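Asks: Chain by chain, the residues:
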Amino acid sequence: QKEVEQDPGPLSVPEGAIVSLNCTYSNSAFQYFMWYRQYSRKGPELLMYTYSSGNKEDGRFTAQVDKSSKYISLFIRDSQPSDSATYLCAMSESYQFYFGTGTSLTVIP
Amino acid sequence: DTAVSQTPKYLVTQMGNDKSIKCEQNLGHDTMYWYKQDSKKFLKIMFSYNNKELIINETVPNRFSPKSPDKAHLNLHINSLELGDSAVYFCASSPHSGGADEQYFGPGTRLTVT
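Quick mapping for you: the protein sequence lines, in order, are chains A and B. So for the first sequence, this note's numbering puts the first residue at 1; every next one is plus one. So for the second sequence, this note's numbering puts the first residue at 1001; every next one is plus one.
Keep in mind the hints are simulated off the structure, nothing from the lab.
Pulled a few chain B residues facing chain A out of the computed Cβ check, cut under 8 Å:
# : residue
1 : Phe1042
2 : Glu1102
3 : Pro1107
Restricting the straight-line Cα-Cα distance to at most 27 Å, the calculated cross-link-like pairs of lysine-lysine (BS3-like) are:
#  : chain 1 : residue 1 : chain 2 : residue 2
4  : B       : Lys1009   : A       : Lys42
5  : B       : Lys1041   : A       : Lys70
6  : A       : Lys2      : B       : Lys1040
7  : B       : Lys1040   : A       : Lys42
8  : A       : Lys42     : B       : Lys1041
9  : A       : Lys67     : A       : Lys56
10 : A       : Lys42     : B       : Lys1036
11 : B       : Lys1022   : A       : Lys42
12 : A       : Lys42     : B       : Lys1071
13 : B       : Lys1067   : A       : Lys42
14 : A       : Lys70     : B       : Lys1036
15 : B       : Lys1041   : A       : Lys2
16 : B       : Lys1044   : A       : Lys2
17 : B       : Lys1036   : A       : Lys2
18 : B       : Lys1040   : B       : Lys1022
19 : A       : Lys67     : B       : Lys1044
All of these numbers come straight from a predicted model, not from anything done at the bench. Here a beta-carbon is modelled for each residue, glycine too, at the ideal position from N, C-alpha and C.
Model the full assembly from the supplied sequences, consistent with the hints where possible.
Replies: Here you go:
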């Protein structure tokens, strides 16, 4: 079983839609949870970073962590064509980092 | 200014050769990393390193070796390149050395082994 599971998609939505991206994990020792956005042929870019269970909001993005269910989510409100990218969840404890396989998102104008 | 930079951006070489990829960060971070991203976009950590400790992912062949001349640089040296080494290699850095936190990635080096 992989440490982190993420639906690879692809996911295609119309502009303005609310997007929900999710990951599950198996290691209860994970303490830090991150979401990265990766455009084609670019390095991953940190979007959100959370330490505990609960919600964290930043503009159109909301990250949600449920440690009891080992489940994290990223919500994108009012999605824009510029949000089209691959979204990677990541989690860590100590120096060990584990990434999901990424979900490819396309926002159609 | 670029926070995390890598050179070269593209590297095409033949099997059996030895090559190096350079990484520099100007963020003043304590910890640096190397990742490999395969053709399926799966990102896997290879090494993490700060001035105290090198942590190696046990699945990484010993043909791969990180070299850090100073805190701002972590280069990746690869001996006897194989076809399966073809991938995009990302360098990253993070601000803290005592535990896990957010990472900042370089633009990647696309390695093709023929």
